[in-house]
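Residue numbers (my numbering), protein chains in the order written: chain Y, 525 to 820; chain U, 18 to 438.
Worth flagging that the hints you see were computed from the coordinates, not collected in a lab. Hints may contain errors.
To be verified - Rough simulated footprint, nothing fancy, chain Y against chain U, three-plus residues with beta-carbon under 8 Å:
#: 1; segment: 57–63
#: 2; segment: 159–167
#: 3; segment: 176–190
#: 4; segment: 281–291
#: 5; segment: 332–343
Unchecked claim - Cross-link-like lysine to aspartate or glutamate pairs, in silico, DMTMM-like; alpha carbons within 20 Å at most:
#: 6; chain 1: U; residue 1: Lys404; chain 2: Y; residue 2: Asp656
#: 7; chain 1: U; residue 1: Lys246; chain 2: Y; residue 2: Asp656
#: 8; chain 1: U; residue 1: Lys93; chain 2: U; residue 2: Glu75
#: 9; chain 1: U; residue 1: Lys405; chain 2: Y; residue 2: Asp665
What the hints assert, rightly or not - Derived contacts from chain U toward chain Y, CB cut-off under 10 Å, selection only:
#: 10; residue: Gln69
#: 11; residue: Val197
#: 12; residue: Asp200
#: 13; residue: Pro233
#: 14; residue: Phe235
#: 15; residue: Ala265
#: 16; residue: Val269
#: 17; residue: Lys295
#: 18; residue: Lys407
#: 19; residue: Ala425
#: 20; residue: Ala427
Note that the structure is a prediction, hence the values are computed from the model and not measured. Even glycine gets a Cβ: it sits at the ideal position worked out from N, Cα and C.
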Amino acid sequence: MFSFELLFNALVIGVLLGGFYAALSIGLSISFGLLDIVNIAHPAFIILGAFVCFFFNSSYGLDPILVGVISAPVFFLLGTLIYRIYYGSFEKTGAEALRGLAFFFGVMFIIEVILIICFGVDFQMVQAEYIDYKASFGVIDIPFRMFIPFVIAMVMTFGLQYFSSKTFFGRAMQAVAQDSLALRLMAIDPAKIKRIAFGLSLATCSIAGALLVIVIPIEPSVGRLYIGQVFAIVVLGGLGSQSGTLIAAMLLGMVESLITTFFGPSWSPAVAFSALIIVLAFKPTGILGRVGDTRG
Amino acid sequence: MKNFKLSFLSSSIAFLALTALTLFSAEVEAKKPIKIGFSMALTGGLAGGGKQALVSMEMWANDVNAKGGLLGRPVKLIYYDDQTNSKTVPGIYAKLLDVDKVDFVVSGYGTNLIAPAMPVVIQRDMVFMGLFGMNNNKKWKYDKYFQIMPSGPDPGVGFSKSWFDTVMSMRPKPKTIAFVAADAEFAKNLKEGAVTNAKRLGLKIVYNKNFKPGTPDFTPIIRAVNATKPDLFYVACYPPGSAGMTRAISEVGTKTKAFGGGMVGLQFSGIMKGLGPKLNGVLNYDFYVPEPNMKVYPGVRDLLKRYRKIAPSRKVDPLGYYIAPWSYAYLQVLGQAINAVGKIDHAAIAKHIHATEFTTVIGKVKFGKNGEWAKGRTLTVQWQNIKKKKDLQQFTQPGIRKIMAPFAFATGKVKSFNELR
């Protein structure tokens, strides 16, 4: 069944799929990777973002990505508020490990219930002209439904990478992850840094939600399908590394696409997660994880 | 003498009081509701169907109570959310039976959620009505199980029979077929039955794979299938997969003559509206469509009219074609059987259901030995003439989902997939 047409298209779709996975995971690479917050509700926040886009798209005809970008500051504020509660209730007292996890489980269910009350439980889709378009280059087709999320994922990833490595606040975020005590000794409040960083991670959910609703139909609990995947990508990429997250997402997307094309879709999760295990066996810190970081 | 009079008087008063108490208790017992318990997917992946089912089940209970109830007693529905999680189901049925002391149990929505309830109900030897279960009684052969989806006596094979009847009427006759199914119980059962049909008809299977739920992009699957050049492409999957597959085939294109088969979710309002003209040409199963030849379902039109008044406030599927008539009907069968037997006797009620042809909103219903429909009535419809995007109302009009089979109900002739694109 091998043909170069199949191979090239599988590679292209793998890259686009990887971009989509990166968009879903990039916020978690901040909250889980840098801040050590096991935000199990991350996919639920993405679904919340997706429903916000759906609402404005179906009611006012607004472009879902535009809505995702506009609502990102609101998600940022929501993130700072949630972190404030999390910090005050768990982290401050050192009880964040298990209770924090339970807290985010609770947040996930609350989001789902709110969405059910507001939107019902039916599957919903958005409309945008570009969703139906595709560009063809010889035998290779590029569906815009996947290409647009890919481009936005790239912008988000490189933007966050630039922000965390070149700006003062970005470096402060890295410092919190490395040694928050040292930060405290320099009269910087780690909780404040973490609050803003967590807000940032939730702001990405708003945009990721817009991308998700372009790619698949949504219902309030559909985020549960992606919990394992986004955590696996963040761990594989190396905790706290946005570039690593992107590479891991690309790897997963490529493996899935190639295996699906040539060996059948039922093999793709097994092969993708085998790749995860193999990488972690040889490099426990993940692809671009820091040496000495044993959290992964 | 005086003592005798007093004793007689007090005895008479005691007797009268006891009689009054007995009569009162009997009346209370008579007015005690008949409780029907079930689990239902009110959250999770199947909640779209589950909530739709619940609305029409409540409509049935209200209708029955307005006419005096069952056996002169009001009906009360007791239900719990199974979260579309099969692990919650045995506990829910145990609670319904042991704590809530329900008189009857019926199933929640879907094969995966009926299966875990079966052993609990069988252990209690109770009548069990099933809602859209695919071959759940195959292993148990339980004589008190009855299932309302009209797949026929051999549901796995019967479900796709009309699809194969349709495609084999195409000329030139198809010779090869590809199969893709979601990696889930219902979809795999459906595909297994379709493979049996394909083999019976001498079709060569050129592709046969499953995919994991949650797959976001289906273009690699469509390309892999296209590479095998099948004449027919049978797909069995749940709503996200159905939408994803339909989008992907629109992008990639295909030379197959027929695409579809067992795609759950294309009947749901949100997905129909979202996909719009991309549905043109898809050949899929259905149970009720607004076509002129649907007189065999005499009560559905009125039921859906009433359902659509309630649906917006309950935030459920606004059209309700897919499940509402069937969830109403499976309770109708149970209710009619209870009234006919005249008492709560599960063995007698099961015997009555086996022996009787029921008249319901979905027409005549007769069950076979294994509790499935004695004769199948699954429709094969082809989406045609969809012109508008984002327009749900067009799907309430005839001529959009034309019936291809069973041939007795046909309202159109099957066309090849690309002819309608």
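Outcome of the hint check:
Against chain Y, the segment 57–63 of chain U contributes 4 residues with a C-beta closer than 8 Å to a partner C-beta. That satisfies the three-residue criterion, and the hint holds. Figure legend: the segment 159–167 of chain U, annotated as covered by chain Y; annotation inconsistent (0 residues with Cβ-Cβ distances under 8 Å, at least 3 required). Residues of the segment 176–190 of chain U with a Cβ under 8 Å from some Cβ of chain Y number 0, which does not satisfy the need for three, so the listed coverage is violated. Only residues whose beta carbon comes within less than 8 Å of a beta carbon in chain Y count, and the segment 281–291 of chain U has 7; three or more means the coverage holds.
Beta-carbon proximity to chain Y at under 8 Å applies to 3 residues in the segment 332–343 of chain U; the threshold of 3 is reached and the given coverage holds. Only pairs whose Cα atoms come within 20 Å are accepted, and lysine 404 of chain U paired with aspartate 656 of chain Y is accepted, the gap being roughly 15 Å. The straight-line distance between the Cα atoms of lysine 246 of chain U and aspartate 656 of chain Y is roughly 24 Å, outside the 20 Å bound, and the hint therefore fails. Between lysine 93 of chain U and glutamate 75 of chain U, the direct Cα distance comes to roughly 9 Å. Compliance with the 20 Å bound is thereby established for this hinted pair.
Of the supplied pair hints, the one linking lysine 405 of chain U and aspartate 665 of chain Y is violated, its CA atoms being roughly 26 Å apart against a limit of 20 Å. Among the interface hints, the one on glutamine 69 of chain U holds; its C-beta lies about 8 Å from the nearest C-beta in chain Y, closer than the 10 Å criterion. Interface restraint check: valine 197 of chain U against chain Y, minimum CB-CB distance 8 Å, threshold 10 Å, status holds. With 10 Å as the threshold, the beta carbon of aspartate 200 of chain U comes within range of chain Y, its nearest partner Cβ sitting at about 6 Å, so the hint holds.
Taken as an interface hint, proline 233 of chain U checks out: its beta carbon lies about 5 Å from the nearest beta carbon of chain Y, inside 10 Å. A distance limit of 10 Å between C-beta atoms decides the matter here; for phenylalanine 235 of chain U the minimum to chain Y is near 9 Å, and the interface restraint holds. Among the interface hints, the one on alanine 265 of chain U holds; its C-beta lies about 8 Å from the nearest C-beta in chain Y, closer than the 10 Å criterion. A distance limit of 10 Å between C-beta atoms decides the matter here; for valine 269 of chain U the minimum to chain Y is near 7 Å, and the interface restraint holds.
Because the closest C-beta pair between lysine 295 of chain U and chain Y is about 8 Å apart, less than 10 Å, the hint holds. Annotation: lysine 407 of chain U was flagged as interfacial toward chain Y, and the flag holds, the nearest CB pair being 6 Å apart, inside 10 Å. A hinted interface residue such as alanine 425 of chain U counts as satisfied when its beta carbon comes closer than 10 Å to some beta carbon of chain Y; here the least separation is about 32 Å, so the hint is violated. Among the interface hints, the one on alanine 427 of chain U is violated; its C-beta lies about 29 Å from the nearest C-beta in chain Y, farther than the 10 Å criterion.
Figure legend: structure checked against the earlier numbered hints; hints not met, in rising order: 2, 3, 7, 9, 19 and 20.
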